[in-house]
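Chemist: With chain E held as given, fit chain U onto it using these hints.
Top to bottom, those sequences are chains E and U. Mapping to our numbering: the first sequence position 186 is 186, numbers consecutive. Mapping to our numbering: the second sequence position 202 is 202, numbers consecutive.
Just so you know, the hints here were simulated from the structure itself, not pulled from any lab data. Among the clues, some could well be false.
What the hints assert, rightly or not - No farther apart than 20 angstroms at their CA atoms in a straight line, the calculated lysine to any residue pairs in the SDA-like style are these:
hint: 1; chain 1: U; residue 1: K79; chain 2: E; residue 2: Y52
hint: 2; chain 1: E; residue 1: K133; chain 2: E; residue 2: T206
hint: 3; chain 1: E; residue 1: K133; chain 2: U; residue 2: Q76
hint: 4; chain 1: U; residue 1: K79; chain 2: E; residue 2: F256
hint: 5; chain 1: U; residue 1: K79; chain 2: U; residue 2: S104
hint: 6; chain 1: U; residue 1: K79; chain 2: U; residue 2: A68
Said to hold, decoys possible - According to the in silico footprint, chain E covers these stretches of chain U (three or more CB under 8 angstroms from chain E):
hint: 7; region: 18-27
hint: 8; region: 57-70
hint: 9; region: 136-146
hint: 10; region: 159-165
hint: 11; region: 177-191
hint: 12; region: 194-203
As the list claims (entries may be wrong) - Residues from chain E that keep clear of chain U, each with C-beta distances beyond 10 angstroms, as calculated:
hint: 13; residue: N120
hint: 14; residue: D128
hint: 15; residue: L150
hint: 16; residue: N153
hint: 17; residue: E154
hint: 18; residue: S179
hint: 19; residue: N183
hint: 20; residue: S200
hint: 21; residue: E202
hint: 22; residue: A207
hint: 23; residue: N265
hint: 24; residue: S280
Backbone N, C-alpha and C fix where the C-beta goes; we use that ideal spot for every residue, glycine too.
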Amino acid sequence: MINMKSLDDSAQLLLIAGFAVGVGIVVITIMLNNVIYASNIASESSIDTSRYEMANVLQMTTEAYEDAYHYAITGGSFDNDAFEQYLENYTDKASQNYGVAGLSISCQTDNISTAYFTHNGLADGENDWILVKNVNITDSFAFAIPDKSLLGNESNKVMIKATSTSGTMLWSMEFYNSSGNINITVSDQSSTIGNYQSNSGEINITADKIDGTGIAPAFRFSDRTAGQDYSINIINGSYAAGTYSISGNTSTGQSFIQARYWTINPIVSISSRGITINRSIPISLPGGVQ
Amino acid sequence: MNEKSLSDIKASSSAQIHTLEAVITSMIMVGIIIFTVQATSLTPLTSSTANAHIEAQLQTMGQDMLSALAYSSYGQDSKLKEDVQNWNGKEYVWNGSAYQMFASESTALQNSSLADTLLMVAVPRGIAHNVHFAWIDDDGILRDRRYIYNGEPSDNAVIISKKVLLSDNDVGNLSTFYASTRIPDADISTDFYNIVDVRMTLWRM
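The shape of chain E in the complex, shown without the other chains (with noise of 0.2 angstroms):
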């Protein structure tokens, strides 16, 4: 009977270590799982996928919406049945696309409007900002203020200036509205060129023409920006609102053509499952003109 107890003990004491390793062998199986799981869950976090993606809807759209306008007002005035029903194909198309990766897009558009000079052309947009900048050439550069009343009076002055690649001004003009009239102020870097006054607020500066006449003194833009490496910046912009179109060569050789008469903006929605953004889009028409 001794020995039969002796022997239940050894069978216990096997069975308990026999379990102890089972144990430890899922511990261990675990806790690797878990270093592989986030290891992997850590190098996916690199990659952005949603940001990736919602860049290239709103590269596309504003390609979209500027292709709509090009579209809309090919029979010399603006179309907006052209405009919208260019802007639902695209949509439906877009939809279908992204549709097979497993997201939907839908597009929420909106009525054209009075754009200000800011940088996306909204009124709370960016007041300082660069039109267009390592300009080697500015072909033509004209302005219209045709709402003198959005215009900003002598203590909210508009200005553009040119600015060369060291930070030196090289030309300036400052605008402002004085009794429903635009009061202009032409300078270089080291004195003032001309005082002028507009009373339909048209501007040309590279043709030196206000309101479709010549003016004297001229501007002196190319003069005071040739053989210079430029950027064209607008500072008060929220405190005018109009058109504008330039054009030129960069420093790279590259010509550049753009123009805003419009601004528009749309909201864009793409949703995966469990995640919805939205984004708004404040787009320039025409935009890019080619």
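Modeler: Below, chain U without anything else, positioned relative to chain E:
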């Protein structure tokens, strides 16, 4: 020494043997696990924890390449759009020094920013790559054609895509473009042409 003391010593030595047995058993089991893991053939393409990092790296690299090519300034077409516009519908393959036409070895791929970027980024790092142009047809089915093709990708390949909008004025002659690329005009009633999905597949050799 009495009989009880002798019994205690015997029980103590049995416990030591059992403990030793348990330790040896666990060592054998751990040894078997290590042997099993080591016996599995590991190649650079075997799925492992390291592959997740490589995939993430390739994904980021591909996104950067396509984002750089999709950039357009001051109303110019992006390089990526120009590549779609300039495509003649042919398939090209990397021959070790240039991208040549699959059907005609003497014809190299010209004026392709995608090829230039891949040559600069992917080729020196030994990253194999395919590029397809895909679109949704009238029946809502995804169609694609090969632009650059270097073989079947591995199980750990990553696909990065960038969608490009085409309008009629981007394409030029609509019938000529369709005849060469098979990318159809999705909407004949307006200037909207189609959306092309540039799909780049990257994998480690």
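Chemist: Against each hint, give a clear statement of whether it holds in the structure.
Modeler: Hint check:
no.: 1; hint: U:K79 - E:Y52; verdict: holds (18 angstroms)
no.: 2; hint: E:K133 - E:T206; verdict: holds (17 angstroms)
no.: 3; hint: E:K133 - U:Q76; verdict: holds (15 angstroms)
no.: 4; hint: U:K79 - E:F256; verdict: holds (15 angstroms)
no.: 5; hint: U:K79 - U:S104; verdict: violated (25 angstroms)
no.: 6; hint: U:K79 - U:A68; verdict: holds (9 angstroms)
no.: 7; hint: 18-27; verdict: holds (count 6)
no.: 8; hint: 57-70; verdict: holds (count 5)
no.: 9; hint: 136-146; verdict: holds (count 3)
no.: 10; hint: 159-165; verdict: holds (count 5)
no.: 11; hint: 177-191; verdict: holds (count 5)
no.: 12; hint: 194-203; verdict: holds (count 3)
no.: 13; hint: N120; verdict: holds (16 angstroms)
no.: 14; hint: D128; verdict: holds (20 angstroms)
no.: 15; hint: L150; verdict: holds (26 angstroms)
no.: 16; hint: N153; verdict: holds (33 angstroms)
no.: 17; hint: E154; verdict: holds (33 angstroms)
no.: 18; hint: S179; verdict: holds (37 angstroms)
no.: 19; hint: N183; verdict: holds (31 angstroms)
no.: 20; hint: S200; verdict: holds (28 angstroms)
no.: 21; hint: E202; verdict: holds (23 angstroms)
no.: 22; hint: A207; verdict: holds (21 angstroms)
no.: 23; hint: N265; verdict: holds (19 angstroms)
no.: 24; hint: S280; verdict: holds (19 angstroms)
Of the numbered hints listed earlier, the single one contradicted by the structure is hint 5.
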